[in-house]
Every structure is written in structure tokens, then in C-alpha cells.
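Undergrad: Chain A is already provided as a structure; the job is to place chain B on it using the hints.
In order, the protein sequence lines correspond to chains A and B. Numbering-wise, my numbering puts 425 at position 425 of the first sequence, and it's gapless, one number per residue. Numbering-wise, my numbering puts 626 at position 147 of the second sequence, and it's gapless, one number per residue.
A couple of the hints might just be wrong.
Cut-off 20 angstroms, straight-line C-alpha distance, at most; resulting in silico cross-link-like pairs (SDA-like, lysine to any residue) [claimed, not checked]:
| hint | chain 1 | residue 1 | chain 2 | residue 2 |
| --- | --- | --- | --- | --- |
| 1 | A | Lys378 | B | Lys954 |
| 2 | A | Lys114 | B | Val924 |
| 3 | B | Lys600 | B | Ala754 |
| 4 | B | Lys555 | A | Gly370 |
| 5 | B | Lys503 | A | Asp42 |
| 6 | A | Lys381 | B | Gly586 |
| 7 | A | Lys387 | B | Ala754 |
| 8 | A | Lys387 | B | Pro758 |
| 9 | B | Lys583 | A | Phe365 |
| 10 | B | Lys615 | A | Leu362 |
| 11 | B | Lys742 | A | Arg328 |
| 12 | B | Lys933 | B | Ile947 |
| 13 | A | Lys387 | B | Pro757 |
| 14 | B | Lys908 | B | Leu834 |
| 15 | A | Lys387 | B | Pro752 |
| 16 | B | Lys702 | B | Leu834 |
| 17 | B | Lys565 | B | Leu537 |
| 18 | B | Lys583 | A | Thr342 |
| 19 | B | Lys565 | A | Trp340 |
| 20 | B | Lys565 | A | Ser368 |
| 21 | B | Lys615 | A | Asn341 |
| 22 | B | Lys565 | A | Gly370 |
| 23 | B | Lys742 | A | Phe365 |
| 24 | A | Lys101 | B | Leu537 |
| 25 | B | Lys565 | A | Pro239 |
| 26 | B | Lys742 | A | Ser368 |
| 27 | B | Lys905 | B | Lys874 |
| 28 | B | Lys615 | A | Trp340 |
| 29 | A | Lys378 | B | Ala754 |
| 30 | B | Lys559 | A | Leu362 |
| 31 | B | Lys696 | A | Trp340 |
| 32 | B | Lys742 | A | Thr57 |
| 33 | A | Lys378 | B | Lys908 |
| 34 | A | Lys381 | B | Ser800 |
| 35 | B | Lys565 | A | Asn341 |
| 36 | B | Lys742 | A | Thr342 |
Here are the in silico distance ranges between beta carbons for each label pair [what the hints assert, rightly or not]:
| hint | chain 1 | residue 1 | chain 2 | residue 2 | range |
| --- | --- | --- | --- | --- | --- |
| 37 | A | Gly373 | B | Pro757 | 17 to 27 angstroms |
| 38 | B | Ala584 | A | Gly102 | 34 to 44 angstroms |
| 39 | B | Glu619 | A | Leu64 | 47 to 57 angstroms |
Simulated from the structure, these hints should not be mistaken for lab results. These figures come from a predicted structure and were not determined experimentally. No residue lacks a Cβ here, since even glycine has one placed at the ideal position from N, Cα and C.
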Amino acid sequence: MSSLAKIDLKNARRLTEMVKAGELSAVEAVEASLSRIRELDDKINAFITICPEQALTAAEELDLRLKKGEQVGSLCGVPVAVKDVISTAGIETTCGSKMLKGYIPPYDATVVAKLKEAGAIIVGKTNTDEFAMGSTTEFSAFGPTKNPCDLSRVAGGSSGGSGAAVAAGMVPLALGSDTGGSVRCPAAFCGVVGLKPTYGAVSRYGLISYANSLEQIGPLASNVDDCALLYRCISGWDPMDSTSYRDQPKEAAPLREGAKIAVPKEFFGEGVEEAVSKCVWRGLDALRDSGFVIEEVSLRSLNYALPAYYIVAMAEASSNLARFDGIRYGLHLKSGFRDWNTYFSRCRAEGFGPEVKRRILLGTFILSAGYYGVYYLKAQKIRSIIKSEFQQILSQYDLIAGPTMPTTPFKIGERVEDPLLMYLIDVNTVPPNLTGHPAISVPVHREGELPVGLQLIAPYFCEERLFQAAKIVEEGLRR
Amino acid sequence: MLKEQEELDVKIGLEVHCHLTNLKTKLFCRCSADYYNKEPNTNICPVCMGLPGSLPVLNEEAVKQALAIALALGAKISEKMIFYRKNYFYPDLPKNFQISQYDKAGGQPLAVGGQIRLQDKVVRIRRIQLEEDPAKIIYEGSISTSPYALIDYNRSGVALVEIVTEPDLTTPKQARLFLQKLRAILEHLGVCNCNLEGALRCDANISVRGGYRVEVKNIGSFKDVEKALSFEITRQKMLGAKKGMETRHWDDVRGVTVSLRVKEEEMDYRYFPEADLPPYIITKELIEEVQASLPELPDARRERLMRQYNLPPQTADILTSHKALADFFEASVKEYPGSPLKMANWIVSDILGYLNRYDLDPSSLKLKPKDFAAVVKAVEEGLINEQTGKMLILKAAATGESLEERIFTAASKIKDESIISRFVDKVFKENEKAVKDALTNEKAVNYLIGLVMKASGGKADPHLTRSIILSRLKKVGS
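Bound conformation, chain A alone (with noise of 0.2 angstroms):
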């Protein structure tokens, strides 16, 4: 065990290259991964399930090919956590929900094979808000996730289980979903790195939709390299998924000294914590010492992303979740149903949890006949005019900044209570997905202080763009 407890899981890179020579075997690497899991999770709760069979029959049968010599993947041997909203075979996926308790995939979701095709190790499936609805992992129907920095708070959301696996060192990598900040919140609260990548950078195919029109499969890990590791991995085109883009760029332009920063004056507007701001401006410092521009701009749509968002998302959930019938798969209620209405109803109130039965009642009202104009149609007006101003932007900007969260990680139980005062948080993260742009959260605070991360945004498909600026910002902060 205390052999076990050397292996630094905060480094894939490190990882998988000692993997590939020999110095660590795949076993060896799964295994310390497992036994910090049930060393830590009792308290943090980043995990719905382990799978420590599956998990070490993969690893032997690596060890076995890297005996063999034969060709292995960029992330050999890695043990990595998926959020429990994408699928995968034979292993029970249940996007946080009493709905899907039992429900096993049998299919992998294209990310999750190309995971398996570079050689990492699915360890375990995190924890999420119910069905990737929240900001906070509280409204999983597993119990919330802790903050590994601080266990009496959140560790945002809703990929907050895989934000808090990675921050414990439990996995150097995870898989989120990001459809208005839920990998680059949690990044910021627990302290890591995360990205979502362009809309249609990643396949969704596999992903379980909460939002089709805003969500992106994104990568968290300790740090931006191997953020970076993990979005090569999965991202380009797949056939399987008819909004993944067929021609990705392959590489943007890199940043040369000089470029141009936006910062808008909106990102720092009213519920910003002081902390924050101190923190975010330190890493803006950081790029300014490295020779880029920063200049305040205005982002006056800001203001209406936040309902426009919201009344997108929940539109399509209420249509994404409609499959959710205790039919096919998952809850199954015992017979003694006459009628499919009170069945498939009876099944509904009991499988969803109340954030998830507020966004599909919510939703459902949206479409309606009479206030689908009023509702719908406006937010996507709303979703264009931002998308411009946006884009208008970023063609006079090399990137735009600001903070991630306005707030620091507060306790758990604080805002559960009032869905308006947690939906303000995601004002700053939303607008990236109702544009499609990439936008990364790196963390900028120092020891001692609670995490807060700094949201990068690029233009399209210029992900290794915000990985180059993130770096800086990470080694800045270092010095």
C-alpha cells in the first residue's frame, strides 16, 4: 500500500510514460487510483460507481500488450473517472437519477471508446447533479459531492464529482459535461483544470442529453497539459453524431506577444466576490507579464444570457428526458397499471428529483402553444444576438477573460433552497454555450486560499489556444 501511495496521480503524462517504460504497470496504476478511492470517497462522494474488475481485467490485459510490445495509446495505463451521464457498456449509468438506478449501457459512448482505444482506464462513474441539472453535484439522487479542499463545501457542478476525483487526486483525468458550466464550474471550485470544448468538437454520441443544443463532453485534470492530453484524445469528427464538425482545424495560430485580451466589465458586474476578482486579476497579471494585451471591454448581451440559457435548457430537457417512461430500461414499477398514463406518469414523479421535475414542468410550459414565440423563439433570438457580439469580438480579440464563478465554493445546503440565487452563478459560464465557443477554467489562487478558477474563451475550434494562455497562467502563478 504505501508503495501505492507514491504514485502521483496529479500527472497523466508522468503516468502513462512510466507506464510505457515499464517503471509502473497498468495494474499498478489502477490499483493506487482504487485504493485512494476507497481511502477518501466515503467522505467526498465523487463516485456513483466503481468498477474495480473491469478496471484491473483492462489493466492486465494492457500489462499484457506492453509485454508483447505492442503499439499502445497516448494515455496507457491512466486510470480516468466518467461522469455518470455518458454511457458505457456493461457498466451502470445513471446520470445521478433514481430513474436510471440499474440501467447498464450496452454501448460505449464514442468518447469512452476512444478513451479505451488510447489505453486509459475507466476506475469509476462520478457523481453529477440529476441528469447534469445543477451547479452544485447537491441535486444527485446519490448525495451531494464534497469539496475535497473543504468537505463542508460544494464542489460545484454538475460534473462536481468528477472536479472533486481529479482535485483529491483519485484520477489524473475526467470526463464532465458541460452545458452551461458544468465542467468549468467545478474545475473552478474544486481548484483544477477544465474545459468545454467548441460545439462540435466532441462527439455527444453516448452522452445522455440534458440540453442537445449547448452540451459538449469536456476534459478536468490537475493541470493543462494533461487537460490538453485528454481533449486530443476525444475530440474530431464522428460519424455517429450529425453536430460533430467534419473538418476541425487541426492546429490554431499560437499566441504571439502582444496579443489581445478582452476582459468585459460585465463579468465582474454585481455578486462577484471580492476573492474573486483579487485572484482572476492575478492571473490576468500573469498574461500581462507575458507580454499580452489586456483591455476592458463591454459585453452588454451578458445580461440576458442567463434566461436565455435557461429557457433553451429547459426546453430541451423537457423534450431530452421525455424517453424516461419506465418501459424500456431503468425504474420499473410492479404491475397493476391499466392505463400507459398513469404508469408512465406514476413512474415520472417517482424517478425524477424535484430540480429535474422544476426544469421539465418549466420546459414543457416554454413550448407550449401561446408562449413558445414569447419564450422560445426569444431566447434563440437572444442566443443570436450574443453569439454576435461574441464573435465580433473575438475578431478584434485573441481571447476573452474573467472569472469562472462569481463566487467562491460556498457550504453545502446554502442555496439549495433558492433555485434563482443558484442559477446566478452560471451568468459568466453560460454564454460560451448558447455561442458553441471553447472556453477553459484555470485555477488562480494560491495555498491557503479558496479555489477560484479564471474563465478563458476562444474563438472556434482554438482549444490549444487557451491551453497555450492557461499554461502561462498556471507556471505564472507558480513563481
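TA: Here is chain B on its own, set in the frame of chain A:
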């Protein structure tokens, strides 16, 4: 007078669902489009089962075939086709929404407008759209008494083209004629094998005397359209339509419509764009490509048959109402071009009569054009009489047997020179002495004629036989 007046007050609109049966795969996944005769729930995948996380990918061949239908009906093709979700809960709908299209709320179906011309009526098409078929619910017997419902997802996700008419139809018979015409067009396009069970289905909207509109669902066959509409019109005339929107189900087992639901307002399907499928741009090139590949359609074929073979309009009409009939006619004419009119008449009266009597589809006719042509030829040449000919045809229609032998046996006289020559050859070979005698002896000539008559079973024409023998003798002698 009163009856006619009443019929003028009937308004019928149809929503026809046509399976694109000739596609290889379903509309949004790679499962086979051929779901017939398969073990239930074996022709399925995560996509057509609506499993969480699965996503649709459009079958572009389906777009081409749907475009062919739209062009054949003279519809206006949209520049951009957008899929919409039609949201409603039903056990046959795995996602509890159907990926369909919509012509309101910013929606753009594949095509709008177009028409189908009946003999005395033009029926306007409102829209033509592409959508996925739900799964199939199987009841034990009638929907009202079945103790359970089974769901077979093999059909789920099969490509459907929905053709919606304006309420231009006024009688159940017109509705049937409309469907027949539509079927002929689909058959000629080669996009739908309309004989397959459920390949062509329709829902009907009926209102009587300006009353509330009633929708009748689940009409599975052409005969049922007339029956269901007649039942519903009578029912509404006697009982009146319920206030609001009623949806009724055609129970083909009991031959009645039963009420499914009554709603004060129109059902709200909460249509909105399907973000999993990007809008599909229908390029000019694609339209031109499909237009160029369109085959001859029933109306054009009817005109051509009239022109080319001098057929009366009504006969050409009936022939082109089934692609299989028109194909059979033209294949037969190719075999024997001597009497197209007779062929057409026999097909329209006798063969079609036979098919109708046994409730068979023309495509299932076993009689081969070659045999049909041989019979008509034999009749034309006086070898057999019409009655015998028709008898032979009806027999072969059921069995598919070859008729050459039978024509010969049934023939009263053989007037075919080539056939008689064969007998003469045989007789000359086997009776060298008699042939030598016949060169000088008239009696021996008669003897030879007798032998040929005997060999042909007494059916060779004596005059023709005599002249063949005499000319043969002349050759032998010289």
C-alpha cells in the same frame, strides 16, 4: 337530390403515410429498413430504441426518394429542410417524441403544395414531409378488448413520407381513387412496395356539414378507407360530431370507429427544432439529379398507351392504375404486337376480374406475358376460340404453368405453317416409299396427307397440309 347535397357537405382530408420500403436502412440508424417477418425486437439498435445518449444520423437516400415523390406530385421543394420534434407520450414512441417536420413555428418541411389529378377532380397537397415511423403495438384482437399491448420495435425508425392533402375530397369513393392514384405514382417511382402490410397507411379528417372535425386513425388498407369513411360519415350524420377535436380509431376487426380522445383544443405537440440534426440544405443540383432520374409516371404513361396502342382512355386509365398491370400489358405486346387492343381488353376485364374475385394484387399475377401473348396470338390466328383462350389464361393466372403445349392441345386446327412443316418432315422421313409413289400417284399424296393429319391428332389444317406436301414433293422431284 338530398343525398347529393349532403355529400357536398362532406369534407375529407387525408394524411397518407408511405414507407420508403426500398431503402436499405432506417431513417436515422443503420438497422435494416426491411422489418418484415423478423423475430420481434431483433431489428433494433440504441438509436431506434431511443436509448439514452443515442443520436440520429440522416439517411440521405431517404431524402432523395422523398424528393422524388415531391417532384412527382409537383410540389414546391424547400431550400432547407428542418427536422422538428413532435412531442407526445405514447408507448410505441421510444423517445416519446417523433422526429418529424412542421410547416409552422419557423419549420420547413421537405416540400409544400402539389396536386393529384383524379378523373373529375384535382386534390391539392398541403405538404410532404419526411419522418420516422414509431414501433408497432400489437393487440390481441380488437384494441378495446385486448388484455395487453405488446411492442415490437423492429419497425421503429423506418423512413416514412407523410403526404397531407387539403380537405378537397367529398366522398369515400374519391378517397379510395385518390389513394389508388397515389399508389400508382409511388409504384412507378419505385420507392414503395405498397403491397407490404402497413407500407401505405392513412389517417382521415372528416367533417360533415361544417361540424367539428373528427380524425380517424389506423386505416390500414384501401378497402378500409372507403369502409371507415362511410361508417364515420353515417355516424356523424346520425349522431353529430362531438364538440372540440375528437380522435377515433378504426377498428378493422369490428368494422367501426371507436373514440380515442376528445380535446377542447387541438393537441399541443410542442413542436420545436431537432438540434441533433443540422438543417439539411436541398441544393439545386440535388433537385436536378432527382428530377432527371424520375421515371415515366402514370399520367404520362396513360397518354402514351393511348397514343401508341390506340387504347380508349378508360382502358389506359385502368392499366396505369397499377404499375404491374401496365408492365404486364407492355411486356405482352412486346411478345406479340399483333393485337394490343385485345390484350388490353382482356387484361382489364378478365385478368383484373380474376384478381379482384380472389382479392389479389396485380403484382402477384402468375401468368407470364409470353404465355398470355401466345394465347392471344392463337386466338387471333383462329387456332383456338376466345372462350378456350380465356380459360387457358385464367388457369395459368392461378398456376403460372406454361401454355405453349396447352394451346396446341386445345387448338381445333393448326394453321401454323411451321408446325405443320414439322409433321410433314417427320412423315416424309419415315415413309420414303410413299413419298416416291406420290411423285406420280395422286392417291399416294392423299395417303401422305392422312399420315400428317394422324400425326397432328387430326388438327392440322387439311388445305394447308396439302399445299405444304405438294410444294415439298415438287422440291423432291426436281
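Undergrad: Given the hinted pair B:Lys742 and A:Thr342, is their alpha-carbon gap at most 20 angstroms?
TA: holds, 18 angstroms
Undergrad: Please work out if B:Lys565 and B:Leu537 have their alpha carbons no farther apart than 20 angstroms.
TA: holds, 17 angstroms
Undergrad: Please verify whether B:Lys503 and A:Asp42 have alpha carbons no more than 20 angstroms apart.
TA: violated, 52 angstroms
Undergrad: With a cut-off of 20 angstroms on the C-alpha distance, tell me whether B:Lys742 and A:Thr57 pass.
TA: violated, 57 angstroms
Undergrad: Quick one, are B:Lys565 and A:Ser368 close enough, alpha carbons at most 20 angstroms?
TA: holds, 12 angstroms
Undergrad: That 47 to 57 angstroms hint for B:Glu619 and A:Leu64 (C-beta), does it hold up?
TA: holds, 54 angstroms
Undergrad: Would the hint linking A:Lys114 and B:Val924 be met if the CA-CA limit is 20 angstroms?
TA: With Cα atoms ~95 angstroms apart, A:Lys114 and B:Val924 exceed 20 angstroms; violated.
Undergrad: Does B:Gly586 sit within 20 angstroms of A:Lys381, going by the straight-line distance between their CA atoms?
TA: holds, 16 angstroms
Undergrad: Need the status of pair A:Lys387, B:Ala754: alpha-carbon distance at most 20 angstroms?
TA: Judged against 20 angstroms, a Cα distance of about 17 angstroms means the pair holds.
Undergrad: Mind checking the alpha carbons of B:Lys933 and B:Ile947 for me, to see if they're no more than 20 angstroms apart?
TA: Holds: B:Lys933 and B:Ile947 sit about 16 angstroms apart, inside 20 angstroms.
Undergrad: Holds or violated: 17 to 27 angstroms for the Cβ distance of A:Gly373 and B:Pro757?
TA: holds, 23 angstroms
Undergrad: Hey, A:Lys378 versus B:Ala754, does the alpha-carbon distance stay inside 20 angstroms?
TA: With a Cα-Cα distance of about 17 angstroms, the restraint between A:Lys378 and B:Ala754 holds, given a limit of 20 angstroms.
Of the numbered hints given earlier, the model fails hints 1, 2, 3, 4, 5, 10, 11, 14, 18, 24, 25, 27, 30, 32, 33 and 34; all others are met.
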